[in-house]
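Q: One-letter residues, chain by chain:
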Amino acid sequence: AQRVTQPEKLLSVFKGAPVELKCNYSYSGSPELFWYVQYSRQRLQLLLRHISRESIKGFTADLNKGETSFHLKKPFAQEEDSAMYYCALSGITGGGNKLTFGTGTQLKVEL
Amino acid sequence: ETGVTQSPTHLIKTRGQQVTLRCSSQSGHNTVSWYQQALGQGPQFIFQYYREEENGRGNFPPRFSGLQFPNYSSELNVNALELDDSALYLCASSLTGVDTEAFFGQGTRLTVV
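Those protein sequence lines, which keep their order, are chains Y and R.
Under the working numbering, think of the first position of the first sequence as 1, with each following residue one higher.
Under the working numbering, think of the first position of the second sequence as 1, with each following residue one higher.
Note that these hints are calculated values from the structure, not bench results.
Ideal placement from N, C-alpha and C gives every residue a C-beta, glycine not left out.
A portion of the hints provided could be inaccurate.
Stated by the list, open to error - If you want the ones that stay clear, here's a sample from chain Y, every Cβ over 10 Å from chain R, calculated:
id: 1; residue: 58
id: 2; residue: 65
id: 3; residue: 75
As the list claims (entries may be wrong) - Partial pick of chain Y residues on the chain R-facing surface, computed with a CB cut under 10 Å:
id: 4; residue: 34
id: 5; residue: 42
id: 6; residue: 46
id: 7; residue: 52
id: 8; residue: 66
id: 9; residue: 82
id: 10; residue: 83
id: 11; residue: 86
id: 12; residue: 87
id: 13; residue: 97
id: 14; residue: 108
To be verified - Chain R is faced by these chain Y residues, among others (derived, beta-carbon under 8 Å):
id: 15; residue: 3
id: 16; residue: 7
id: 17; residue: 15
id: 18; residue: 29
id: 19; residue: 45
id: 20; residue: 48
id: 21; residue: 53
id: 22; residue: 90
id: 23; residue: 99
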């Protein structure tokens, strides 16, 4: 069975401080991993996916298969980063991705 | 290009009733997935439709059923509603592929009383 664990429900940091949102997964094959974000009053949207290996809005995430982790990092938090962040995993079955989500981490960036 | 739209936005039903939720996929997307998001939880995969056929199902009972139409729009039907079915129901459309981006609708908030 596949599982995604986000241990922190709430993470509060000051503006300009580094951010790390933790995500660990359990999956028997080679997973595809994503970070989705939900800003206030907006719909859930993709932030980044590990296969793209890109930085979006200053965020990066590296897949560590040894530690089964996919932590989301940003060196300097901005006020507009305040949002709900979900780590998600997609299995290898055919068709579009079928996502298993973590419980989410609420990031609050304080001035 | 139009985004994913869901209707209605809010709904109140009585225990034991049946409900139908609707979703219009993003233009060009052939796959639609439905998720249930209980309060304080992440979205949980219900099932997926690809080219009008069910293409995977999560841990939900048969009273949760769905349809996908030739224009790729979709319905989620829930029979014999229970209080625990109260949640936000999200529809997501995508192209085929496990690494593709899922585009989410704004959700339908279902309250069962």
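Q: Hint by hint, which ones does this structure get wrong, listed from lowest number up?
A: Hints 8, 9, 10, 14, 15, 16, 17, 18, 20, 21 contradicted; others consistent.
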